[in-house]
Amino acid sequence: MKRMVLTREQITPIIEGFVQEVLFDIIQCAANERITYYCDFEDEITPVISLIHAEHAIDRAHQEWLTWRKSGIADFSPNLAPWIKRPSQLKEEASDLTYKTLITILDGRRSLRELSTWMKKDLLNLVQSLMAYYHRGMIGLVEVADIQSPVAGFSLNESSKNESTQLSDSSQNQKKINLMARPLIACVDDSNQVCATIEQIVSGFGFGFLGIRDSINVLPLLVELKPEMIILDLVMPIVGGYELCTQIRRIPEFKNTPILILTSNDTFVDRIRSKFVGATAFISKTSGNDKIGEQIQRYLLPFDKDLEEISPTDSTDTY
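For the sequence shown, this note's numbering gives the first residue as 1, with consecutive numbering after it.
What the hints contain is simulated information worked out from the structure, not anything from laboratory work. Careful: at least some of the hints might be erroneous.
[As the list claims (entries may be wrong)] No more than 30 Å apart at the CA atoms, straight line, and that leaves these computed lysine-lysine pairs for DSSO-like:
# : residue 1 : residue 2
1 : Lys91     : Lys275
2 : Lys226    : Lys255
3 : Lys70     : Lys120
4 : Lys291    : Lys255
5 : Lys91     : Lys120
6 : Lys70     : Lys121
[Stated by the list, open to error] Label-pair restraints from in silico Cβ distances:
#  : residue 1 : residue 2 : range
7  : Arg250    : Ala132    : 19 to 25 Å
8  : Gln128    : Ala30     : 21 to 27 Å
9  : Arg109    : Gly240    : 54 to 60 Å
10 : Ile272    : Arg250    : 17 to 23 Å
The beta-carbon is built from N, C-alpha and C at its ideal position, and this holds for glycine as well.
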């Protein structure tokens, strides 16, 4: 506005839109969990912010939240990005036009808000249109990072001297998981680097990730969050992978859950023993990251497996 590129009338709606999005996020967060805030009264209000009528902005954001909640999507953040989870099933049940549209735009990189703006479609209507596919497992939702993580290209067998990516041991941080991004995959490993590497692999598929470094208290957390896949390090302090796998298999909820065991020592004896304790697969850390990706695809992305469980219905296309 100072450069005379935009007039006051042109820039005000833009700023109001940004402010309303932020206020909506705050209201949604406060409704679902306790939040803390800090007030700084020393900074002066910039001329741009002074264009906004605070009470009106808060009221509009609150009304938007009430509408969002009444629509039954209170747990879904508009900042999540949709992606195609089961393309084969989607192709079977959706029309050709809907399938081609969704397979093109839902790449897990653009948030629901961004898609709404890009498609010039009302945000609420867009989310409601996608929820039918989400609840039937055809679409997943993932968080979109503001800045891409610089951690890349790690090997699971690299030295732990580079473990600069610290994972908090507190249960609070362990539970900070994107539960919208199902399936949830848990990794129990005392190495920060291994957990960070596996998280990258898991996130690449758009799944939720739970990193646990404390193998002693892992069972209550697994029972609470019920991951669809569990990855265990073979050698850990106090409780090793074999013993932990045995304990997990004793829990009825995890009777058929895929359990992968990671090890630096890939021997015939270890592979046989892993079968005896109920491990689904035995992966050497020297075999590279692709092996874990292959197991995720094999056990969590069987696109045609669930087709018989859901009766095909006529889709109402809104695209």
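Evaluated hints:
With a CA separation close to 37 Å, the supplied pair Lys91 and Lys275 exceeds the 30 Å bound. A hinted pair counts as satisfied when its Cα atoms are at most 30 Å apart, and Lys226 with Lys255 qualifies at roughly 12 Å. For a cut-off of 30 Å, the pair hint linking Lys70 to Lys120 stands: about 23 Å separates their Cα positions. Of the supplied pair hints, the one linking Lys291 and Lys255 holds, its CA atoms being roughly 23 Å apart against a limit of 30 Å.
Restraint check for Lys91 and Lys120: satisfied, since their Cα atoms lie roughly 24 Å apart, inside the 30 Å limit. Taking the CA atoms of Lys70 and Lys121, the gap is about 20 Å. The hint holds against a cut of 30 Å. Checked against the hint of 19 to 25 Å, the C-beta distance between Arg250 and Ala132 comes to roughly 38 Å, which is inconsistent with it. Range check, Gln128 to Ala30: Cβ separation about 23 Å, and the 21 to 27 Å hint holds.
Checked against the hint of 54 to 60 Å, the C-beta distance between Arg109 and Gly240 comes to roughly 39 Å, which is inconsistent with it. Between Ile272 and Arg250 the CB atoms are about 21 Å apart, so this pair conforms to the stated range of 17 to 23 Å.
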